[in-house]
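> Going down the list, the protein sequences come from chains A and B. Heads up: the first sequence begins at 126 in my numbering, then just goes up one per residue. Heads up: the second sequence begins at 1316 in my numbering, then just goes up one per residue.
Keep in mind the hints are simulated off the structure, nothing from the lab. Wrong hints could be hidden among the right ones.
Footprint (simulated), chain A over chain B, 3 or more residues, beta carbon under 8 Å [unchecked claim]:
no., segment
1, 1360–1366
2, 1416–1424
Straight-line distance between alpha carbons at most 30 Å, and here's what the computed BS3-like set of lysine-lysine pairs gives [what the hints assert, rightly or not]:
no., chain 1, residue 1, chain 2, residue 2
3, A, LYS182, A, LYS142
4, B, LYS1383, A, LYS140
5, B, LYS1357, B, LYS1371
6, A, LYS182, B, LYS1357
7, B, LYS1383, B, LYS1371
8, B, LYS1357, A, LYS142
9, B, LYS1371, A, LYS182
10, A, LYS182, A, LYS136
11, A, LYS182, A, LYS140
12, A, LYS136, B, LYS1357
13, B, LYS1386, B, LYS1371
Reference excerpt, derived from the structure (chain A facing chain B, CB under 7 Å, subset only) [as the list claims (entries may be wrong)]:
no., residue
14, GLY167
15, LEU168
16, PHE170
17, TYR173
18, GLY176
19, ALA179
20, SER212
21, ALA213
22, LEU216
23, THR238
Note that this is a predicted model, so its numbers are computed, not measured. Using N, Cα and C, we set each Cβ at its ideal position, and we do this for glycine too.
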Amino acid sequence: GAGVSQSPSNKVTEKGKDVELRCDPISGHTALYWYRQRLGQGLEFLIYFQGNSAPDKSGLPSDRFSAERTGESVSTLTIQRTQQEDSAVYLCASSLRRGGTDTQYFGPGTRLTVL
Amino acid sequence: GESVGLHLPTLSVQEGDNSIINCAYSNSASDYFIWYKQESGKGPQFIIDIRSNMDKRQGQRVTVLLNKTVKHLSLQIAATQPGDSAVYFCAENLGSARQLTFGSGTQLTVLP
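Please construct the entire structure, taking both the sequences and the accompanying hints into account.
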């Protein structure tokens, strides 16, 4: 079946511009996560959506970052007034959220470069 | 603070040898652990997971060992192949938290 897809795969923008990144989770997965991965580093949690519950935004680094999700489908991550330190790969993951384990399946990521 | 860390940033092994990648965690409340493999330009790929009520779990050519006494996790890859070259991350689920906390990764290089 189809995995998690993300678009665009690459995005180059100028400092100060807004960008919008898209994630299409695996069909039927109720949970959706956004992570940021800087070059050569691990993944930093940004935000988590679960069904119709209020999202867990505890990982968002500033108020320039926001995300939306429509029901249990597509999600968009928006970064306003981009800064050079926002350059990173932004990864989306989804999971079934059943029982005590929560295997997350990742998309290929969007590589964001802020000039 | 709570963290998941890796002992070695890089690991080189000969093709056909076994590989062992280590990971330390500090939160005793963590109840679920996952190993991911990330190839260049791709998202992390699930390899194997283990719950805190287990100390060993085996998959195809991979074994994860969990030592809760010393808060240590390891990934063993048998008969390492060139396709195993990648960055390997361990991740933990911190109790009631839903997100995963990732270590910084180990770059595994398989030498011919």
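> Each hint: holds or not?
To see whether the hints hold, each was checked on the structure:
| no. | hint | verdict |
| --- | --- | --- |
| 1 | 1360–1366 | holds (count 4) |
| 2 | 1416–1424 | holds (count 5) |
| 3 | LYS182(A) to LYS142(A) | holds (22 Å) |
| 4 | LYS1383(B) to LYS140(A) | violated (46 Å) |
| 5 | LYS1357(B) to LYS1371(B) | holds (28 Å) |
| 6 | LYS182(A) to LYS1357(B) | holds (25 Å) |
| 7 | LYS1383(B) to LYS1371(B) | holds (11 Å) |
| 8 | LYS1357(B) to LYS142(A) | holds (26 Å) |
| 9 | LYS1371(B) to LYS182(A) | violated (34 Å) |
| 10 | LYS182(A) to LYS136(A) | holds (23 Å) |
| 11 | LYS182(A) to LYS140(A) | holds (24 Å) |
| 12 | LYS136(A) to LYS1357(B) | holds (16 Å) |
| 13 | LYS1386(B) to LYS1371(B) | holds (14 Å) |
| 14 | GLY167 | holds (4 Å) |
| 15 | LEU168 | holds (4 Å) |
| 16 | PHE170 | holds (4 Å) |
| 17 | TYR173 | holds (5 Å) |
| 18 | GLY176 | violated (12 Å) |
| 19 | ALA179 | violated (12 Å) |
| 20 | SER212 | violated (16 Å) |
| 21 | ALA213 | violated (13 Å) |
| 22 | LEU216 | holds (5 Å) |
| 23 | THR238 | violated (14 Å) |
Going through the hint list in order, the structure does not satisfy hints 4, 9, 18, 19, 20, 21, 23.
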